[in-house]
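In order, the protein sequences belong to chains A and B.
Just so you know, our numbering puts the end of the first sequence at 1642, numbered straight through with nothing missing.
Just so you know, our numbering puts the end of the second sequence at 320, numbered straight through with nothing missing.
Wrong hints could be hidden among the right ones.
[Unchecked claim] Pulled from the structure, derived: some chain A residues nowhere near chain B, Cβ distances all over 12 Å:
hint, residue
1, G1183
2, E1253
3, E1273
4, E1285
5, G1392
6, A1402
7, R1406
8, Q1407
9, R1428
10, L1433
11, P1494
12, R1521
13, E1556
14, L1624
[Unchecked claim] Distance windows between CB atoms, simulated:
hint, chain 1, residue 1, chain 2, residue 2, range
15, B, I157, A, H1364, 21 to 31 Å
16, A, K1347, B, N123, 24 to 34 Å
17, B, Y147, A, A1181, 23 to 33 Å
In short, the hints are calculated from the structure, not lab data.
Since this is a predicted model, take the numbers as computed values, not measurements.
Just so it is clear, CB atoms sit at the ideal spot from N, CA and C, and this is done for glycine as well.
Listed below are the residues making up each chain.
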Amino acid sequence: MPAKAPALQNSIGHPFTDYPFLDAFDEMFAAPGHPRPHYSRLYTRLLAQSPEELWRSKQQADVSFLNQGITFTVYGREEGTERIFPHDLLPRVISGAEWEIIERGLKQRVHALNLFLCDVYNERRILKDGIIPGELVYTCSQFRRHMRGVKIPRDIYVSICGTDLIRTPDGNFVVLEDNLRVPSGVSYMLTGRKVMKEIFPMLFHECGVRPIEHYGQVLLSTLRSLTPDGRSNPRVVLLTPGIYNSAYFEHAYLARQMGIELVEGRDLLVHDNIVYMRTTSGLQRVDVIYRRVDDDYLDPLTFRHDSALGAAGVLNAYRAGNVVLANAVGTGVADDKALYAYVPAIIRYYLGEDPVLNNVETLLMTREKERKHVCDNIHRYVVKAVGESGGYGMLIGPHSTRDQQEAFRGRILADPRNYIAQPTLALSTAPCFTDTGRIEPRHVDLRPYVLYGADEISVVPGGLTRVALRKGSLVVNSSQGGGSKDTWVLEK
Amino acid sequence: MGPREIDMLSRVADSLYWMSRYLERADHSARVLESNYNSLLNPAKESRESRWNRITQSLGLDSDLSHNDTPWSLLSFIAQPGNRSSILGSIGSARENASQVREQISSEMWERLNRLYHEVNATSARAEFGSEPLRFLSVFREGTYAFHGVTESTITQGEAWHFIQLGRYIERADGICALLDASFSVSDGADDLDWTGLLTSCSALDAFRKVYTTNLVPEHVIEFLLLNAEFPHTVRYSIERVDSALSAIAEVTFSRHAGRITRMIGKLRSSLAYAQIQEIMMRGLHAYLMQIREQCRALHNAVHEVYVDYRTESVLET
């Protein structure tokens, strides 16, 4: 039942003046002037604030981000390669009831994907039973044949997962993408929260927001639970590509939250299939590696020979069971954009349940009928290259030129396995405080983080709400004008 | 589970050491500039050229600067962001090293250093630099003092702390030696103002006056800056701190190769502890200073070989 909104429709100059409604679900408003119940406190609070006050808060938040060094690196730009992570002042609020569904859906999904990975690298029942075409798996660039028959501790392949959800116009959350390799962004969730608590302490308190600050602890317990048998008091380290990586801030931040060593490839050394790190007291054995380096760069002996980011021999130590990598090698086969279309079937196959969270309708370009339909109607679809991420290699049909459409049509026909198409979705909108000093709707998505340990699966209540800060834009990636919002999951 | 023994990555130790060295270098340059800026403004007996040379030489610059340039141009040269030996360059390097080990230092330290970096780099700071260089230098020095204060009170005084101390004091010892050497090798026509300037470069004027209440005698200045054991900006004090940092590091790492370092620092320490100024002056100040600098360099290399870039075979054979 919508809460009764204060009748301030007519007051001039309040921050929601002319708040436009797009053809999308709005997170805050059920109808003009009627906020949804879980947004009512925020709404009331915002009505009482002048644009100047909001502006001051915004600047205070910016300074806090800069001084904490919460920045990310943009590739391919000479100046200003290090920028503060763009963020919006207003939190995105999710009710307790909605969160319950999201949490249940995510746990179910990651559980099924882990069973799938174990199967696909061992017995391959799902392929033999014809649920998924074997060709789809074997042609996936992320399929790692080195992992065939390798025993993974407790069969946990994906222990850290960041799933992208969007809310469709009917108000339901659906899964847009699974990130099962090295999902990032969680540090922005945690630091954004810290800043918001400084800026809106009372509001935060009144709303009854569920805490997320224990993420580091849960992550550490998750990683420890994967320790190889017989190793008491394991040493867990975080492997980073180094300070020039766009997510380095996050690597350092997480290592610090967990109180573990942040290592680079050059700090590691493999001898007799045991991984050591170089310390001032000599070499020390490493048991669990939370690696934030992609498969390709992990071990120059096995993967890319030109990689200086990994450690030579680490894959053999891993296969010998002397060290654990989280996430496992080869998990990318399960977040391939074409395989994505089969995830509901994967859930039904392994768990015998219907998916709690649905997929976005996805057309595979390997299927002739679907390919023809998309090529004829490309202006209506979003076309994505399966191997790309970060919003690159993507065509948004309705916002594209004829030339771009023609180019993508050519690419699809040349390499159908590499493309999928999805209907253009109106991502839900949430109110944002814009440069103009007004509050306007912008499109958002949601990336919650799932931690899958030997003892439990947990989802910290919250996540990274990414927002397309450019008016009308549907691209939420930080590399392309996206920013973030603090995500408040309420107790009730 | 109880607290675990913490081992420090070799790379981290190296970065902490360099972070601290670069910061000390910038701080030293700022102090030298601040005091010489003052004396360059004054008319003097000695030629402008020799003063000029003294500054560039003591900061280890072989610059293209001509002594006909104004004091301002020297200062702006020192502030060039692209110049590695400039204040901005050193702060940039200190921050780069700190960012490599962000999870090892306290967040307060990182925030302070990061803020200092942004402050001195901000366009406003550069504009201010042109018109009011002394203000810029004092803002900068307050920033480094704040950083040291925060360091003192926000991190565990364990191994990381000792590597930070090591970097800071080895750089300081070397910096003061270079400064003394330059001041006395180009000292023709130097007057009281110059000796005062030298002491001010080491923030030592007040402390000096408390010890030597008489007139300014160059030999006293040298004795103080070289051999005083209690004032923080002297060579002897710095080497004592280097010694305590190194013994603490040897103790926590149980390194089998630390003996070599212990011998080296022991020699250096006693050569300062038992030295007499008359003897030093008789044998030649320049040679004595060169020898200390050489010993610092050798110590630096030994630390690198024992704790940072050791041969793995030597460790695996255990």
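Check your understanding: Does the Cβ-Cβ separation between B:Y147 and A:A1181 fall within 23 to 33 Å?
Key -> 58 Å, violated
Practice item. Compute the least Cβ-Cβ separation between A:P1494 and chain B, then decide whether it is above 12 Å. Key: 40 Å, holds
Point to revise | 12 Å Cβ clearance of A:R1428 from chain B | key: 5 Å, violated
Practice item. Could you let me know if the closest chain B CB is still more than 12 Å away from the CB of A:L1433? Key: 5 Å, violated
Point to revise | No chain B beta carbon within 12 Å of A:E1285's | key: At about 44 Å from chain B, A:E1285 clears the 12 Å cut-off, so the statement holds.
Point to revise | Satisfaction of the hinted span 24 to 34 Å by the C-beta atoms belonging to A:K1347 and B:N123 | key: 30 Å, holds
**Study point:** Range agreement (Cβ of A:H1364 with Cβ of B:I157, hint 21 to 31 Å)
**Key:** With a Cβ separation near 24 Å, B:I157 and A:H1364 satisfy 21 to 31 Å, so the hint holds.
Exercise for review: Examine each Cβ of chain B, and state whether all of them lie more than 12 Å from the Cβ of A:E1273.
Suggested key: Given a closest Cβ separation of 38 Å, the condition holds.
Review point. Should the label of A:E1556 as a non-interface residue stand, given a Cβ cut-off of 12 Å to chain B?
Key: At about 45 Å from chain B, A:E1556 clears the 12 Å cut-off, so the statement holds.
Practice item. Decide, holds or violated, for the assertion that all CB atoms of chain B are farther than 12 Å from the CB of A:Q1407. Key: 9 Å, violated
Check your understanding: Closest CB-CB distance from A:R1406 to chain B, is it above 12 Å?
Key -> Non-interface label fails for A:R1406: nearest chain B Cβ at 4 Å, not farther than 12 Å.
Check your understanding: Does A:A1402 sit more than 12 Å from chain B, CB to CB?
Key -> 4 Å, violated
Violated hints, in rising order: 5, 6, 7, 8, 9, 10, 17; the structure is consistent with all others.
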